[in-house]
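Q: Residues per chain, in single letters:
There are 2 protein chains.
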Amino acid sequence: MSEPIFPQISAGLMKTRSLYNQLKTETKKNLGTGSVSTLFQAIFLESIAYLDRTAQVPITSKVEGKTYFLFSSGKKTSRAVNADLYLSDPTSLNPFFMAMQSNDWEALSAEEITQQAYTLAMAFITSVDLQKTGDVKTPGTFFELLCGHLVTLLLGVQPKKRIPVLNLDQTATLPTDFIFDLGENRPKFHVPIKTSTRERVIQVWAHQRVLDGIYGLERFKGTLICLSEVKKNAATHVVTEICLPTQWKVYQSFIARMHRVYYFDLPSKYEALNRQIPRITVLPFGSLFKEVERLSAGE
Amino acid sequence: MSEPIFPQISAGLMKTRSLYNQLKTETKKNLGTGSVSTLFQAIFLESIAYLDRTAQVPITSKVEGKTYFLFSSGKKTSRAVNADLYLSDPTSLNPFFMAMQSNDWEALSAEEITQQAYTLAMAFITSVDLQKTGDVKTPGTFFELLCGHLVTLLLGVQPKKRIPVLNLDQTATLPTDFIFDLGENRPKFHVPIKTSTRERVIQVWAHQRVLDGIYGLERFKGTLICLSEVKKNAATHVVTEICLPTQWKVYQSFIARMHRVYYFDLPSKYEALNRQIPRITVLPFGSLFKEVERLSAGE
Chain A
399 MSEPIFPQIS AGLMKTRSLY NQLKTETKKN LGTGSVSTLF QAIFLESIAY LDRTAQVPIT
459 SKVEGKTYFL FSSGKKTSRA VNADLYLSDP TSLNPFFMAM QSNDWEALSA EEITQQAYTL
519 AMAFITSVDL QKTGDVKTPG TFFELLCGHL VTLLLGVQPK KRIPVLNLDQ TATLPTDFIF
579 DLGENRPKFH VPIKTSTRER VIQVWAHQRV LDGIYGLERF KGTLICLSEV KKNAATHVVT
639 EICLPTQWKV YQSFIARMHR VYYFDLPSKY EALNRQIPRI TVLPFGSLFK EVERLSAGE
Chain B
399 MSEPIFPQIS AGLMKTRSLY NQLKTETKKN LGTGSVSTLF QAIFLESIAY LDRTAQVPIT
459 SKVEGKTYFL FSSGKKTSRA VNADLYLSDP TSLNPFFMAM QSNDWEALSA EEITQQAYTL
519 AMAFITSVDL QKTGDVKTPG TFFELLCGHL VTLLLGVQPK KRIPVLNLDQ TATLPTDFIF
579 DLGENRPKFH VPIKTSTRER VIQVWAHQRV LDGIYGLERF KGTLICLSEV KKNAATHVVT
639 EICLPTQWKV YQSFIARMHR VYYFDLPSKY EALNRQIPRI TVLPFGSLFK EVERLSAGE
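Chains A and B, in that order, are what the protein sequence lines are. For the first sequence, my numbering puts the final residue at 697, and the numbers step up evenly by one. For the second sequence, my numbering puts the final residue at 697, and the numbers step up evenly by one.
Careful: at least some of the hints might be erroneous.
One copy or two, either will do: identical chains are not told apart, so a pair holds if it fits within one copy or between any two.
Calculated cross-link-like contacts (lysine-lysine; reagent style BS3-like; alpha-carbon spacing at most 30 Å) [to be verified]: (1) Lys-474 to Lys-530; (2) Lys-535 to Lys-667; (3) Lys-629 to Lys-535; (4) Lys-558 to Lys-667; (5) Lys-647 to Lys-558; (6) Lys-530 to Lys-427.
Since the hints were made in silico from the structure, they are not lab data.
Produce the entire structure from the sequences given, and follow the hints as far as they go.
A: Next comes the structure, spelled out in structure tokens:
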């Protein structure tokens, strides 16, 4: 890691990093506690205090109907941020933090949840982009913990990350994405969480296929959560969206069935899959909060 | 790319790079010609001329029964090289180059083919390691072209890299790994080629599953070719082998059936799968040359 240029920024980043480490420790014990919610709020406040000292630069977007900007500090630039989803006024997130503490999301619309969750995720992630070039692990882990925390609140059970995979004369367990088990006669959820998918998305369908194969069809509802599919060209800063809808249709037809896909920044090419065959239900992230009861009942 | 330290090395590397670019152009037209064989030979000779000016450094191996070294030049080091497979005398590869030109492999044993092919692959790949830090694309492409060329010679047909995947009212083609189609009533081969697999290996089984789903079981023989699974610790240079045999068994049980896996540097944990259930046939690369006739007949 290179030396920070301004001591005051350094102090803020150090604090953010130390809160992030606390978050990793805390979530290992319990993903669904109020103290985890509080840590997300603290990390957000530190991140925006840091971003306040950076510049917001509009960039060229080749994504139809979407506008993007990036944060810039010295020679470093962050990934692209969706201007319609990112809330510049940090107090806009107060309803989200209140809902997180009470685990009561009634007062927020699906759109408001998507925007506020997007802002919460991107404030920290863009700070990391500016701080440490090429660090993809920290944003990925942070995003997984954020979504994991929210889904744990919504479903009311702790996830597992390892399941038994062989049987009869063989025993073994495999590491998995989050598995939320609501118990007898209720659905179990297989929840992979990715900041972006590209050609790696086949893994999601393949893991679902393994679960279907071992435990039977419809035992696990495949529920993918993604941040975004936009890519900023490193040299020109032009933003494009990389989508592979034909691949998705092939995987949904021939590997396994994903029950839901939720996006923080939903690509229109994937939104269109809601009206095609094979049907893939792809929704903005906030919709999860509005349909989670029906999903938990097995719909 | 940083400036080369010695002009004479630079000239050699420039030549290797220009031959490699020629190889890429030539193989796009036809993967199975004698001119491609000649280019591989020329690249090998340039690579070893370069490696002759570097040092061979023994390194600590935690892989049972296997000894590794690395090439070192200035501050740069190559990936780990298997000391029993790599032939230090370049004239040892003359039988291989002769066999490649005549497409007659009778005179060589499976073990000799494995060693000579390993040496051919590693001479160029380690040169690239020393030249350009973090370049994984060039070694991957080179290895794919080398294996693609050899399999094209063995099967006598040009591979495709795109196949139709949807039907009825939908049409689409997908990019794939090499597909070798021997025609009516003879097998087709699905040949993914990887320098190493790790957790990405699930893609191989998932692609096989897509082919099985679209075209029916047993239409495509899944045939994976890999270089090695060893990993050199960047700081300590200690070599380990990263194997996930339980995952492989789960994928072979619940996603699809791979017919063969061939390794240039075969890990013993994968070799053991030949004697376990589900059966996965994992062999040294040279064995392919000895059983290709039986495989082509549909065995």
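Q: Please go over all the hints and tell whether each is borne out by the structure.
A: We went through each hint and held it up to the structure:
| no. | hint | verdict |
| --- | --- | --- |
| 1 | Lys-474 to Lys-530 | both (9 Å within a copy, 24 Å between copies) |
| 2 | Lys-535 to Lys-667 | both (27 Å within a copy, 29 Å between copies) |
| 3 | Lys-629 to Lys-535 | both (17 Å within a copy, 20 Å between copies) |
| 4 | Lys-558 to Lys-667 | between (32 Å within a copy, 28 Å between copies) |
| 5 | Lys-647 to Lys-558 | both (29 Å within a copy, 22 Å between copies) |
| 6 | Lys-530 to Lys-427 | within (28 Å within a copy, 43 Å between copies) |
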